[in-house]
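2 protein chains.
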Amino acid sequence: MRLYMGLVHYPVYNRNEQRIASAVTTVDLHDLARIARTYAVRELLVITPLADQQELVNRVRRHWTAGFGASYNPDRKTAVELIAMATSLEEAIERIHSLEREAPCVVATDATRQKENMLSFAAMRTMIHEDRLLFLLFGTAWGLDQDVLRQSNAVLEPVLGVDGYNHLSVRAAAAIILDRLVGTNRIP
Amino acid sequence: MRLYMGLVHYPVYNRNEQRIASAVTTVDLHDLARIARTYAVRELLVITPLADQQELVNRVRRHWTAGFGASYNPDRKTAVELIAMATSLEEAIERIHSLEREAPCVVATDATRQKENMLSFAAMRTMIHEDRLLFLLFGTAWGLDQDVLRQSNAVLEPVLGVDGYNHLSVRAAAAIILDRLVGTNRIP
Chain D
1 MRLYMGLVHY PVYNRNEQRI ASAVTTVDLH DLARIARTYA VRELLVITPL ADQQELVNRV
61 RRHWTAGFGA SYNPDRKTAV ELIAMATSLE EAIERIHSLE REAPCVVATD ATRQKENMLS
121 FAAMRTMIHE DRLLFLLFGT AWGLDQDVLR QSNAVLEPVL GVDGYNHLSV RAAAAIILDR
181 LVGTNRIP
Chain B
1001 MRLYMGLVHY PVYNRNEQRI ASAVTTVDLH DLARIARTYA VRELLVITPL ADQQELVNRV
1061 RRHWTAGFGA SYNPDRKTAV ELIAMATSLE EAIERIHSLE REAPCVVATD ATRQKENMLS
1121 FAAMRTMIHE DRLLFLLFGT AWGLDQDVLR QSNAVLEPVL GVDGYNHLSV RAAAAIILDR
1181 LVGTNRIP
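From first to last, the protein sequence lines are chains D and B.
All residue numbers for the first sequence refer to my numbering, where the first residue is 1 and numbers rise by one.
All residue numbers for the second sequence refer to my numbering, where the first residue is 1001 and numbers rise by one.
Because the hints were derived from the structure by calculation, they are not lab data.
Please note: incorrect hints may appear among the correct ones.
Within a straight-line C-alpha distance of at most 20 Å, the following computed EDC-like cross-link-like pairs (lysine to aspartate or glutamate) qualify [stated by the list, open to error]: (1) B:Lys1077 x D:Asp163; (2) D:Lys77 x B:Asp1163; (3) D:Lys115 x D:Glu157.
Make the full structure from the sequences, and use the hints.
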């Protein structure tokens, strides 16, 4: 399995559909790192161009992997260790490329169904089992900028609830999506 | 579908396996309310015996259902409306009993596999489709006290990742579990 996750803080939308750089939150880092660890994701790349936000990510990572947190909670250490930094989506892709000596197939996520380039959960699950190198992107705030969707190789189909409500947190959506793609004791 | 969720703050364990009342966090309330809304859960019962924590829950509920938040974000309103309060597990069960005129079947969740009384995801999914009245409990902090597990009618099997790591946040675990039990466009 060669799956990477990206948590994108720029470019994303705010509630008025303006392009923004969102703030890093520690709850996102901890939840997504543990989701990544649970489902054997190789790295969680946190993407932000803002230096102070990068420093926050690095501080969290240091505390839980080398600082007091590493001995206080070793289970958290093995999750937070998966966090890596990138200043842009391009830099994140380059990092994966250089680590794996291959360009990843970039798959964006979005809460609404796309007209073009949509990848089903079943198709992506198959790609994972075929050991394809994949980079799965999650947007913070009000979601990934359309430019990211257009630049990606595919957009994953959205998680549908019971009646079309589609306002899960990125933490909940990422958990569900990874479970659908990689989970082992799912209902057959 | 007659499914209720409970978010238990007492009795739960701390990291030293001592019985505690944990603090309510707004991120849990918002994430779990949106998960409940996505999967057509009837109510999210937040269980805490602490008056100041109950007041925090009520303040969040008021802000997003009647206050500024209701007009600022109507999608959040329809989720947060599902939050109800109970001071104890017994009171939560009584509330469901009086709303539905029937005693619910109480199903606890736990990160480790139980020797007795374990319910599989498939079996619980069937019960949901049979319109059984169910109350699914999630523990905060280091998880539900053994007494809660013993008092429940069943304990749901744990979410297994790839290699047995089982330290998801309650937010991520609840998202995955509800999707496995109720999700519609899961992989067949």
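Going down the list of hints, with the structure as the test:
1. B:Lys1077 x D:Asp163: Holds, at roughly 16 Å.
2. D:Lys77 x B:Asp1163: holds, 16 Å
3. D:Lys115 x D:Glu157: Satisfied, since the Cα-Cα distance of roughly 10 Å is no more than 20 Å.
The structure shown violates none of the earlier numbered hints.
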